[in-house]
Amino acid sequence: MKHLRILLIISALILLTTSKLYALSSRSLVLVTSTSSPVNTLTIQEVRKLFLGVPVEKNGESPVPLLNNCEPLIYEVFLQKVAFMSASAYESQTLSVVFRLGGKRPEIYSDLNALVNALQQHPGAVSFLWEDQVQANQGIKSVSVLWQGSLE
Amino acid sequence: MNQAINQLNLTLRTKFICAVKFALIYFLLNSMAFADGHAGHFSSKIASKLPGDLLLFTDFTSINRFDQEPKQKLGDNDLIPSLNAFYTFDYNKFRFLGEWLVNTKSHNLERLQLGWHLGESSLWLGRFHNPIGYWNMQFHHGAFLQTSISRPGIMAFETGGGVIPNHLTGFLWEGIHEFEKAGLYYTLGVGAGPGITNRMHAFNILDPGGSHRPAVSFRLGYQPVSYGSDEFGISGAYTEIPIDSNKLTQTKQLVTGAYANWHYKSLHLISEAVYAHNWLDNYSNKQTNSGFFNTYGQLEWNFQPDWTLFGRAEGTFGNVHNNQYLALFPKYVEDRFMVGMHYKLRHNMALKVEASRDHINNDHFNVVMFQWSALFP
Chain A
1 MKHLRILLII SALILLTTSK LYALSSRSLV LVTSTSSPVN TLTIQEVRKL FLGVPVEKNG
61 ESPVPLLNNC EPLIYEVFLQ KVAFMSASAY ESQTLSVVFR LGGKRPEIYS DLNALVNALQ
121 QHPGAVSFLW EDQVQANQGI KSVSVLWQGS LE
Chain B
153 MNQAINQLNL TLRTKFICAV KFALIYFLLN SMAFADGHAG HFSSKIASKL PGDLLLFTDF
213 TSINRFDQEP KQKLGDNDLI PSLNAFYTFD YNKFRFLGEW LVNTKSHNLE RLQLGWHLGE
273 SSLWLGRFHN PIGYWNMQFH HGAFLQTSIS RPGIMAFETG GGVIPNHLTG FLWEGIHEFE
333 KAGLYYTLGV GAGPGITNRM HAFNILDPGG SHRPAVSFRL GYQPVSYGSD EFGISGAYTE
393 IPIDSNKLTQ TKQLVTGAYA NWHYKSLHLI SEAVYAHNWL DNYSNKQTNS GFFNTYGQLE
453 WNFQPDWTLF GRAEGTFGNV HNNQYLALFP KYVEDRFMVG MHYKLRHNMA LKVEASRDHI
513 NNDHFNVVMF QWSALFP
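Going line by line, the protein sequences match chains A and B.
Numbering-wise (the working numbering), the first sequence opens with residue 1 and increments by one.
Numbering-wise (the working numbering), the second sequence opens with residue 153 and increments by one.
Be careful, since some hints might not be right.
Stated by the list, open to error - As a list, the in silico DSSO-like pairs of lysine-lysine whose alpha-carbon atoms are at most 27 angstroms apart:
id, chain 1, residue 1, chain 2, residue 2
1, A, Lys141, A, Lys81
2, A, Lys81, B, Lys417
3, B, Lys245, A, Lys58
4, A, Lys81, B, Lys333
5, A, Lys58, B, Lys333
6, B, Lys257, B, Lys223
Just so you know, these hints were derived from the structure itself, not from any lab.
The task is simple: from the sequences and hints, build the whole structure.
Structural data, given as structure tokens:
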């Protein structure tokens with residue numbers, strides 16, 4: 001009975017540690033916009049089109065994409081899970097779409113504060129951030145989850 | 153004699169002035185790109201101040217031909233600096249798009265389009281790239297977008313002795329219908345086609361002279377991932393082309409084709425097969441008809457992140473040597489075997505070298521080409 005109790009405690013500890021570790025490595029990539037923005041949720045396909053330079057109109061709104069390149073990891077997750085392309089393929093495809101069909105290449109941001117400021121100041125603008133970054137900044141809100149999972 | 157020397161001096165002086173102008177533009181644009189410090193081909197701070205998007209494609213191409221036999225039909229050397237300016241902006245449901253090309257061989261308003269968004273599609277009015285085949289609409293004058301320096305002979309520009317119309321002026325309807333992840337690209341163009349004098353001349357909006365007749369063309373392509381780069385499809389065109397020559401008055405031309413643009417890991421294949429048939433009218437009101445078939449395949453291997461090895465084989469089959477239509481285009485490259493290397497110098501610059509064996513109208517020659525190409529801002 002005593003052995004069984006010890007075994008149960010060890011199992012519980014292992015479970016707790018694993019879930020805590022998972023929680024630490026698990027992240028959510030979310031689509032964000034200003035809190036005053038009328039932009040509603042967009043599907044992954046719509047977000048992909050938008051960031052390729054194709055205009056997307058939903059509920060009378062035409063969101064403007066701001067490309068987040070503040071850290072390599074978030075850009076890589078965006079490429080793999082939303083754009084479904086490598087960085088060079090994404091760059092050349094965006095260029096090709098705009099050259100062929102018109103439109104505008106997304107403006108790129110490599111500074112998080114500048115990106116958050118741009119989102120706050122332009123209610124029609126959208127970008128992607130980690131969910132914890134949205135919680136840490138005022139004036140912006142998450143409108144849809146683009147990807148959720150653990151980062152290895 | 154003196155007149156010839158003066159003319160030669162003038163030509164050299166004009167070329168030198170052109171080269172200096174292009175060098176200045178290059179350094180100005182390059183300093184803009186460095187000052188801006190942006191990564192990738194995305195809107196820089198300079199471009200983002202504009203209501204739309206501005207793309208400046210610039211390139212220097214050196215062409216060296218040798219062993220021309222049995223006749224020397226083309227010059228041995230050419231140095232062609234080129235600037236292609238593209239600008240587009242949206243206003244509510246309308247979109248404007250313009251492209252202007254200037255180089256030492258020609259200057260043209262390549263595209264001038266006013267579009268209206270209709271949900272998943274757009275309706276354009278103006279001068280546009282003819283949707284014949286894949287290459288023509290995909291790369292056009294954006295040398296930086298193209299891995300190779302040369303275009304396939306069948307897709308050569310009108311100004312370069314091309315045999316099929318590259319531009320139409322009229323209406324263009326195009327869009328992508330999405331179903332789940334995949335997409336169906338569709339386009340239909342109707343408008344004024346080109347005319348033929350010493351070469352093919354597309355309708356010029358700024359100088360709408362000459363004789364032009366109706367043309368219609370379409371392209372239908374399946375994209376495994378919508379708005380992705382892979383596409384497999386078909387295209388077709390019917391064009392009535394007035395001809396100003398000693399024997400012929402006009403041709404009714406039918407062009408059909410199939411194409412594939414496919415990536416597999418570090419490999420990239422672009423291939424097209426085109427059949428063109430012409431019903432030619434001559435001054436004695438007699439009609440003759442003849443057809444020819446052209447195909448090309450370009451394989452690219454991106455063996456290092458910045459290095460791509462590429463090769464292309466192209467050939468024309470059927471009634472080629474007695475073809476009255478092809479006889480109007482002495483610069484048409486019937487067959488070509490080419491290999492080359494593309495090096496991405498920076499995110500917005502590329503260096504290319506290409507060697508080929510070309511065959512034009514019973515003549516053969518070797519070509520070595522070098523190109524520096526870039527995109528600004």
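Now the hints, each set against the structure:
A hinted pair counts as satisfied when its Cα atoms are at most 27 angstroms apart, and A/Lys141 with A/Lys81 qualifies at roughly 21 angstroms. With a C-alpha separation of about 18 angstroms, the suggested pair A/Lys81 and B/Lys417 falls inside the 27 angstroms cut-off, and the hint holds. Simply put, B/Lys245 and A/Lys58 have alpha-carbon atoms about 13 angstroms apart, close enough for the 27 angstroms limit, and the pair holds. For the hint pairing A/Lys81 with B/Lys333, the CA-to-CA distance comes to about 13 angstroms; that is within 27 angstroms, so the pair holds.
Of the pairs offered as hints, the one joining A/Lys58 and B/Lys333 holds, with about 19 angstroms between alpha carbons and a cut-off of 27 angstroms not exceeded. The hinted pair formed by B/Lys257 and B/Lys223 meets the criterion: a straight-line CA distance of about 23 angstroms does not exceed 27 angstroms.
Violated hints are absent here; each numbered hint is respected by the structure.
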